[in-house]
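Chains as they are written, first to last, in the working numbering: chain A, 1 to 293; chain B, 1 to 322.
Treat the hints with care, as some may be off.
[Said to hold, decoys possible] To give an idea of the chain A side of the interface with chain B (calculated C-beta under 8 angstroms), a few residues:
#1 Leu21
#2 Leu22
#3 Leu96
#4 Val146
#5 Phe184
#6 Met186
#7 Phe188
[Said to hold, decoys possible] Here chain A is said to cover these stretches of chain B; the calculated rule only asks that three of the stretch's residues, wherever they fall, bring their Cβ under 8 angstroms from a Cβ of chain A:
#8 69–78
#9 112–125
#10 140–146
Hints are computed from structural coordinates only; laboratory data are not their basis.
Since the structure is predicted, the reported quantities are computational estimates derived from the model, not experimental observations.
Positions of the beta carbon are idealized from the N, C-alpha and C atoms, including for glycine.
Chain by chain, the residues run as shown.
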Amino acid sequence: MITNQRKLRVSYIIINMLLILLAVTIVVPFYMVILSSFTKETDLVKHGGMLFIPQSITLEAYKTVFNENRIITAFKNSLFITLTGTFFHVLITSMLAYPLSKKLRYGKVIGFLIYFTMLFNGGLIPTFLLLKRINLLNTLWVIIVVGLVSPYHMILLRNFFAEIPGEIEESALIDGAGRFKILFKMIFPLSLPAIATIGLFTMVFYWNNWLNAVFFIPDKSKWPLPTILMLMLQNSLRTQTPEDIVSIEDMASVPAESLKYATLMVTTVPIMLVYPFLQKYFAKGIIIGAVKG
Amino acid sequence: MKKTSGYCAAVNKNRQNKFIKEMKKHGSLYLLMVPGILYFIIIRYLPMWGISIAFFDYKVWLTNLFDNQWLGLENFRSFIQSPSFTRILRNTLGITGLKLLIGSPFPLILALMLNEITQKATKRVIQTITYLPHFLSWVIIYGLFFAMFNQTYGAVNNILVHLGLDKIDILTNKSFFWQTLLASHIWKNIGWGSIIYLASINSIPTNLYESASIDGANRWQKTCHITIPSVLPVFAILFILALGRILNEDFQQVLMFMGGPDAVYMTDVGEVFETYVFRVGLVEARYSYATAVGIFKSIVGLILVINANRIAKKYFNYRGAW
Numbered sequence: 001m002i003t004n005q006r007k008l009r010v011s012y013i014i015i016n017m018l019l020i021l022l023a024v025t026i027v028v029p030f031y032m033v034i035l036s037s038f039t040k041e042t043d044l045v046k047h048g049g050m051l052f053i054p055q056s057i058t059l060e061a062y063k064t065v066f067n068e069n070r071i072i073t074a075f076k077n078s079l080f081i082t083l084t085g086t087f088f089h090v091l092i093t094s095m096l097a098y099p100l101s102k103k104l105r106y107g108k109v110i111g112f113l114i115y116f117t118m119l120f121n122g123g124l125i126p127t128f129l130l131l132k133r134i135n136l137l138n139t140l141w142v143i144i145v146v147g148l149v150s151p152y153h154m155i156l157l158r159n160f161f162a163e164i165p166g167e168i169e170e171s172a173l174i175d176g177a178g179r180f181k182i183l184f185k186m187i188f189p190l191s192l193p194a195i196a197t198i199g200l201f202t203m204v205f206y207w208n209n210w211l212n213a214v215f216f217i218p219d220k221s222k223w224p225l226p227t228i229l230m231l232m233l234q235n236s237l238r239t240q241t242p243e244d245i246v247s248i249e250d251m252a253s254v255p256a257e258s259l260k261y262a263t264l265m266v267t268t269v270p271i272m273l274v275y276p277f278l279q280k281y282f283a284k285g286i287i288i289g290a291v292k293g
Numbered sequence: 001m002k003k004t005s006g007y008c009a010a011v012n013k014n015r016q017n018k019f020i021k022e023m024k025k026h027g028s029l030y031l032l033m034v035p036g037i038l039y040f041i042i043i044r045y046l047p048m049w050g051i052s053i054a055f056f057d058y059k060v061w062l063t064n065l066f067d068n069q070w071l072g073l074e075n076f077r078s079f080i081q082s083p084s085f086t087r088i089l090r091n092t093l094g095i096t097g098l099k100l101l102i103g104s105p106f107p108l109i110l111a112l113m114l115n116e117i118t119q120k121a122t123k124r125v126i127q128t129i130t131y132l133p134h135f136l137s138w139v140i141i142y143g144l145f146f147a148m149f150n151q152t153y154g155a156v157n158n159i160l161v162h163l164g165l166d167k168i169d170i171l172t173n174k175s176f177f178w179q180t181l182l183a184s185h186i187w188k189n190i191g192w193g194s195i196i197y198l199a200s201i202n203s204i205p206t207n208l209y210e211s212a213s214i215d216g217a218n219r220w221q222k223t224c225h226i227t228i229p230s231v232l233p234v235f236a237i238l239f240i241l242a243l244g245r246i247l248n249e250d251f252q253q254v255l256m257f258m259g260g261p262d263a264v265y266m267t268d269v270g271e272v273f274e275t276y277v278f279r280v281g282l283v284e285a286r287y288s289y290a291t292a293v294g295i296f297k298s299i300v301g302l303i304l305v306i307n308a309n310r311i312a313k314k315y316f317n318y319r320g321a322w
């Protein structure tokens, strides 16, 4: 019995250590990147690269990032895409989900046709040619439009709306309120957790969206922040020399290596800022319920 | 003859009436759906009509499609006979297979370990940290990876040099590529994937554990005989559904770890369907051929997904998203 107890104690300690190890593999890269972004380039070079112990704290890299036109533009582009995109995504997805949560004659057919797009799609090239045809290529709107409605979010919201008892709306309908008004004045406040979850997920989706810019926006001055970061990484991998990134002219004494990490942080921080709210909502089980079916 | 056409007309009339009735009753609800429906018609369904260019030698889009030269299945044949085909198939099945066989138990193991943690604070901290990578894009993850492993300034190589060892090249080394994809896949998804297992562990009735305690079972025995058997069906469902998506390699991950869209370091080991479509279609502008490759993948993928869903429904009571 005593040996058994000891065995359990030992396994408990091992489990704790494994979990801490996992957490460390996630925290340490962030820690080192943050630290390097605040370090003088000369110190980075002197110590042969990434630091674990702080050497010199400086804002040089961040000053450069926020003086570099290309990065400021990219940041603004990302902000526009994220905010406008999320607004229209939530609006249009809920306007689609709400009627489909009712028993409509054509509801099943429409619902299935939406679900079917999760299984099968035209693919990259036909989509590209279509966007070219409707003159959306090379605009910021192309990224917004392509992700405007998510069938998955639509199904989530529809299921959530369906749980709301219909009697609530009936009195409003008798009073002559329109469906639009009912949706936004009555249904929205009642489904705030679901709307917030979808809104936050959409924000993260749009903020992270780098690949569609590669596909659909040839003009690099219209690229969002993560796509610019991708370009920096791609270039520095290609040469493995830090001089290659962005424009060399206005950065004679620029912390090239720390600049890369500063850009990485500027791209990551907004996600970290919404992360606590995200966690609060997905913990409530809306997403899990959907995953379980 | 006359009779049947009359019958048809009657049916049509009836349908029309029902349609009008429905619109009179629920017109405002349908009106709300208009923007969303337009989105699906234009952005999702029109490209499906666009796949027809795979059968033509494409020069003109949509309206004048039939002015193009008809090729039939020529594009499909030349893809399947090309050396790229075997390479893509090998890479796709290799990478997803590796992730499926080695990667998929990790979230389950994490959930079981978290379940053993009795201190709530520790559990929450670990959960908060491990869920985070799910929300980061592959660009950010590659940036962290680059910071850790690059040759000039990477942290790992820095440590190796300080220890008097040789630097290792992971970023552009073909022989590490699949392992790198597997490791970063596990790193990104382990936390998020564990949520569903934790939820199903929480839904196990507590009286099972209570009666086991009365019978003298210890914690370890309870885990082995109650917790694990209860979550295995969930694992099986997720595994089968993942099998159905075996052709859907994580495009963003592969593209980024190959070194970005312009990089061609590791096409031997990293070329999968999507990267090939992107390279041949958008970079080389061979629209018809690239579309054929895309359709091939979509149709095989669709068959796999439908069968996987069917198996999951039949044997594991999976209810499906629909």
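Results of checking the hints against the structure:
1. Leu21: Check failed: Cβ of A:Leu21 comes no nearer than 11 angstroms to chain B, outside 8 angstroms.
2. Leu22: 6 angstroms, holds
3. Leu96: 3 angstroms, holds
4. Val146: Because about 6 angstroms separates A:Val146 from the closest Cβ in chain B, which is inside the 8 angstroms limit, the hint holds.
5. Phe184: 11 angstroms, violated
6. Met186: For A:Met186, the interface hint is violated, since the closest Cβ of chain B sits about 14 angstroms away, which is over 8 angstroms.
7. Phe188: 13 angstroms, violated
8. 69–78: Not satisfied, violated; 0 residues make the cut.
9. 112–125: Since 6 is at least three, the answer is holds.
10. 140–146: holds (count 6)
The structure is inconsistent with the numbered hints 1, 5, 6, 7, 8, although it conforms to all the rest.
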